[in-house]
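Chemist: We have chain B already, so just place chain W on it with the hints.
Respectively, the protein sequence lines represent chains B and W. Everything in the first sequence is counted per this note's numbering, starting at 1 for the first residue and increasing by one. Everything in the second sequence is counted per this note's numbering, starting at 444 for the first residue and increasing by one.
Some hints here could point you the wrong way.
When the alpha-carbon atoms are kept at most 30 Å apart in a straight line, the in silico DSS-like pairs for lysine-lysine are as follows [claimed, not checked]:
(1) W:Lys595 - B:Lys188
(2) B:Lys298 - W:Lys606
(3) B:Lys188 - B:Lys139
(4) B:Lys170 - W:Lys595
(5) B:Lys403 - W:Lys524
(6) B:Lys298 - W:Lys704
(7) B:Lys254 - W:Lys704
(8) W:Lys524 - W:Lys536
(9) B:Lys195 - W:Lys595
(10) B:Lys278 - W:Lys595
(11) B:Lys193 - W:Lys524
(12) B:Lys403 - W:Lys704
(13) W:Lys536 - B:Lys254
(14) B:Lys278 - W:Lys704
(15) W:Lys704 - B:Lys397
(16) B:Lys139 - B:Lys403
(17) W:Lys595 - B:Lys298
(18) B:Lys403 - W:Lys595
(19) B:Lys403 - W:Lys506
(20) B:Lys193 - W:Lys606
(21) B:Lys170 - B:Lys139
(22) B:Lys298 - B:Lys278
(23) B:Lys254 - W:Lys595
(24) B:Lys278 - W:Lys606
(25) W:Lys527 - B:Lys403
(26) B:Lys254 - B:Lys403
(27) B:Lys195 - W:Lys506
(28) B:Lys278 - B:Lys188
Calculated Cβ distances over 12 Å to all of chain W for the following chain B residues [as the list claims (entries may be wrong)]:
(29) Asp74
(30) Asp122
(31) Tyr141
(32) Ser232
(33) Ala263
(34) Ala269
(35) Phe311
(36) Ala312
(37) Ala313
(38) Ile392
Hints are computed from structural coordinates only; laboratory data are not their basis. For each residue, glycine too, the CB sits at the ideal point set by N, CA and C.
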Amino acid sequence: MKKFLATLLALVMVLSLAACGGDKGGETTPPPADTGSTDAQTPPAGSGDKIDISVIAAEYGQNTKEWWAGFQNDFNGSHDGINLNVEVVSWNDIYTVVNTRISNNDAPDILNIDVFADYVADDLLLPAQDYVSDETYAKFYDAFLEQSNIDGTIWAIPDLASARAMYYNKGILEAAGAEVPTTWDELKDVCAKIKAYDSSIYPWGIDMTTDEGQAAFAYYIWNNGSDFTDASGNWTLNADANVEAIEYAISLVKDGYTNSDPATETRYALQDLFGAGKLAMVIGPNSIPTYIADNYAKANTPEEEQIDFAFAAIPTNGGNASVSAGVMDRFMCFDNGHSDEKLEAIKEFFDFFYEDTRYSDWVLMEGFLPATSAGGEIVAASDPDMAPWVDIVGSCKFYPTAKAEWANVKQGVINVEQQALMGGNVQELLDELQAEIEAEAAG
Amino acid sequence: MSTKTPAAPAASQELARKAPRSSKSKKFFRKVEPYIWIAPSIILMAIFIVTPIVKVFQLSMSKVTRAGLVKGYNNFENFSKVLKSPTFALVLKNTIVWTIAVVVISTVLGFMLALVLNNKFRGRKVARAIVVFPWATTLVIQASAWNFIINKDYGTLNTLLMKIGLISAPVNWTPTPGAYFAWEIACGIFVTIPFVTFCVLSGLQSIDASYYEAATVDGAGYFQKLFSITLPLVKSSLTVATVLNIIYVFNSFPIIWTMTKGDPANHTDTLVTYLYKLAFYNGKQGEASAVSVIGFLILLVCASVYMIYTLRKGDDDL
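Looking at chain B on its own, in the form it has when it is part of the complex (with noise of 0.2 Å):
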């Protein structure tokens, strides 16, 4: 009998493990397991004729999720023939996720990321205009657009924009009685002033990691009046400027007046240590007053120790006019075969999600910038110290992640700059990327 039993015992968990491994009749495969997705609302059982919509959506912070299951309830609550399904996504898994699911032929009606160029490569993606509105259309600044713009097509919309800015500690510049820098000369003398006033403190904060250290680049490149293309969208990656610039922030870290290890040291640790008066300037984004005054929130620090701190612009070199970088995330919407009726269903999204009010909430939702200059004035409207930011935002550069190569370009300049700490000849080593990079164009 005992044997029996343990006989059927195993026959059962036999057949239930075939069963987690069987194949689900052509319904849609559930989200990968443990990759730190989540579903922002279950959708209800049994959608009858509606028609589904699914969105993956990146996690930009910790109120993402709910404001994703606020706006499904919303939507799928005001459109009675559509079925919305929110996926928000940790920006660690998104890439995973996303290139799994185009992998086994399901990929996401709509996917909110930053990159979109690899997919157009791949002919997954719907031109823009035939999944959004002209009205919703018309609402985006035009230079956020042209960022999607590959060969005349704008192939996505977006969702919101972050810029960047030089912070500084108004107390340590004015204990070592310095003023602001403005060009880089400035910035090297007044570095040399706060060394000389307190050495325990970095004066500048650079961060070349893995994480980001392709924005390191950009900022010095487009401040010496150069870029990573010429006009005709050539990379030009070893340019004299570029060289220069590069050049320029090694000898500041040579020259001791940055953190201490910029290849290891990222952008969350850089404003850690401005937050806590170690780091007197740092280029950031306009985030850094709610991160650090959060993080002060979550520590109960005392006010005394509190820094005082405003923001400027990013100092420049030869004259060239200070230019801001401005980070853009995107909507884009796969090729499914969808129908006109699912199209249309699309372009309801979009609308209900662009309406100015709730877009103006999505953006300052979690600290971000809009694309849009209705959501613009709204913003700066209800927050005064974002006003400044969305005027920059509006004229801000962006990496170029229209081209194709734009994957390898970031990890090899952030290779480059960390070559160059260890001691490489910055020329040379853009010379090899140039060369690797211009390889792969001609294919």
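Modeler: Relative to the frame of chain B, chain W by itself:
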């Protein structure tokens, strides 16, 4: 009792008639039974081990787009690209240094710790529990804690040394990539020691005390007993621990990823962190799979050498 006795012969006769059939089915069941018991494991292994391995081999010989689409086989192009890259040689060297340093040092220290914990002393149970802690904590947390300890600006090591007056200003404990790698190795050793300790400890506890008593009577010293009794008798536990360690440490990802992400310029990357970057930062999944296959083959060779060695040893013993 007496009422039951007449029934007994009848029952045994019936049993005797049924015996040939039931013993046949019993025999069959006994043959099949082990397979039924191991079936769930085999199915699990097929799903979660064999399938991914086959998939990785396929990908390593395929052209994979950045978006993850497989566009047919490209023979060994991914392998040739990986092997031609100067970074690969650096990363392979790092992997070998990382594996050997962590495994050898943690084995020596773990063995010594096991010897200590095998002695009877007050609070032995507590001491054994403390040794388990590093093992029971997530590696990411461990690595973050180590990063926090050695940080120049707010690290506890500098704070401690300054408080006791050994240093007057914070010291940068990671001035070079080599120094950072050494700290990662130290962290690796710290988290590996408990595993070795417990493997060796289980071996030590199975040694009969009479061997030591006899050796003591014969006048053997501590080291004579250690090398002539203890070591030969815990050798099998130690070997198992070492082989498993080589595989775990070679494939370890969290420590290096949390502490340096392989920076600067791949100088602290091992094969696993390098292939992760290739796949998810550079979008080169084909090349990442090729690196994975190379790692797999290296481990396969190591495991085969070990198996051949131990099998031969077993034959000799017979």
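Chemist: Take the hints in turn and mark each one as holding or not.
Modeler: Do the hints match the structure? See the list:
Our distance criterion of 30 Å between C-alpha atoms is met by lysine 595 (chain W) and lysine 188 (chain B), whose separation comes to about 23 Å. Taken as a hint, the lysine 298 (chain B) and lysine 606 (chain W) pair is honoured in the structure, with Cα atoms around 26 Å apart against an allowance of 30 Å. A hinted pair counts as satisfied when its Cα atoms are at most 30 Å apart, and lysine 188 (chain B) with lysine 139 (chain B) does not qualify at roughly 42 Å. The hinted pair formed by lysine 170 (chain B) and lysine 595 (chain W) meets the criterion: a straight-line CA distance of about 24 Å does not exceed 30 Å.
For the suggested pair lysine 403 (chain B) and lysine 524 (chain W), the alpha carbons sit about 22 Å apart, so the restraint of at most 30 Å is met. The straight-line distance between the Cα atoms of lysine 298 (chain B) and lysine 704 (chain W) is roughly 27 Å, inside the 30 Å bound, and the hint therefore holds. Distance hint between lysine 254 (chain B) and lysine 704 (chain W) is fulfilled; the C-alpha atoms sit about 23 Å from each other, no more than 30 Å. A distance of roughly 18 Å separates the Cα atoms of lysine 524 (chain W) and lysine 536 (chain W); the hinted pair therefore holds under the 30 Å criterion.
At roughly 17 Å between alpha-carbon atoms, lysine 195 (chain B) and lysine 595 (chain W) fall within 30 Å of each other, so this suggested pair holds. Our distance criterion of 30 Å between C-alpha atoms is met by lysine 278 (chain B) and lysine 595 (chain W), whose separation comes to about 12 Å. With a C-alpha separation of about 49 Å, the suggested pair lysine 193 (chain B) and lysine 524 (chain W) falls outside the 30 Å cut-off, and the hint is violated. Restraint check for lysine 403 (chain B) and lysine 704 (chain W): satisfied, since their Cα atoms lie roughly 26 Å apart, inside the 30 Å limit.
For a cut-off of 30 Å, the pair hint linking lysine 536 (chain W) to lysine 254 (chain B) stands: about 28 Å separates their Cα positions. A threshold of 30 Å between alpha carbons decides the hint, and for lysine 278 (chain B) with lysine 704 (chain W) the separation of about 25 Å falls inside it, so the pair holds. For the given pair, lysine 704 (chain W) sits about 28 Å from lysine 397 (chain B) by alpha-carbon distance, which is consistent with the 30 Å threshold. Our distance criterion of 30 Å between C-alpha atoms is met by lysine 139 (chain B) and lysine 403 (chain B), whose separation comes to about 25 Å.
Straight-line distance between C-alpha atoms of lysine 595 (chain W) and lysine 298 (chain B) comes to about 23 Å, which keeps the hinted pair within the 30 Å bound. The straight-line distance between the Cα atoms of lysine 403 (chain B) and lysine 595 (chain W) is roughly 39 Å, outside the 30 Å bound, and the hint therefore fails. Distance hint between lysine 403 (chain B) and lysine 506 (chain W) is fulfilled; the C-alpha atoms sit about 20 Å from each other, no more than 30 Å. With a C-alpha separation of about 29 Å, the suggested pair lysine 193 (chain B) and lysine 606 (chain W) falls inside the 30 Å cut-off, and the hint holds.
Proposed proximity of lysine 170 (chain B) and lysine 139 (chain B) is contradicted: the alpha carbons are some 38 Å apart, above 30 Å. Distance hint between lysine 298 (chain B) and lysine 278 (chain B) is fulfilled; the C-alpha atoms sit about 19 Å from each other, no more than 30 Å. Straight-line distance between C-alpha atoms of lysine 254 (chain B) and lysine 595 (chain W) comes to about 17 Å, which keeps the hinted pair within the 30 Å bound. Straight-line distance between C-alpha atoms of lysine 278 (chain B) and lysine 606 (chain W) comes to about 19 Å, which keeps the hinted pair within the 30 Å bound.
For a cut-off of 30 Å, the pair hint linking lysine 527 (chain W) to lysine 403 (chain B) stands: about 26 Å separates their Cα positions. At most 30 Å may separate the alpha-carbon atoms for a hinted pair to count; lysine 254 (chain B) and lysine 403 (chain B) exceed this at roughly 33 Å. Proposed proximity of lysine 195 (chain B) and lysine 506 (chain W) is contradicted: the alpha carbons are some 53 Å apart, above 30 Å. Using a Cα cut-off of 30 Å, the hinted pair lysine 278 (chain B) and lysine 188 (chain B) holds, with the two alpha carbons roughly 18 Å apart.
Under the 12 Å C-beta cut-off, the non-interface status given to aspartate 74 (chain B) relative to chain W holds; the minimum distance is some 32 Å. A cut-off of 12 Å between C-beta atoms contradicts the statement that aspartate 122 (chain B) is not in contact with chain W; the least separation is 5 Å. Against chain W, the non-interface label of tyrosine 141 (chain B) holds: every CB pair exceeds 12 Å, the least being about 27 Å. Here serine 232 (chain B) stays apart from chain W, with its beta-carbon at least about 24 Å from theirs, past the 12 Å limit.
Residue placement check: alanine 263 (chain B) does not keep its beta carbon more than 12 Å from all beta carbons of chain W (closest about 3 Å). Non-interface status of alanine 269 (chain B) relative to chain W is broken: a Cβ of that chain comes within 12 Å, the nearest being about 9 Å off. Distance check on phenylalanine 311 (chain B): its Cβ is at least 23 Å (rounded) from any Cβ of chain W, clearing the 12 Å threshold; non-interface status holds. For alanine 312 (chain B), the requirement that its beta carbon stay farther than 12 Å from each beta carbon of chain W is met, with the minimum near 24 Å.
With a minimum CB-CB distance of about 27 Å to chain W, alanine 313 (chain B) clears the 12 Å threshold, and the non-interface call stands. Look at isoleucine 392 (chain B): its CB is around 28 Å from the nearest CB on chain W, clear of 12 Å, so calling it non-interface holds up.
Hint compliance for this structure: hints 3, 11, 18, 21, 26, 27, 30, 33 and 34 are broken, all remaining hints hold.
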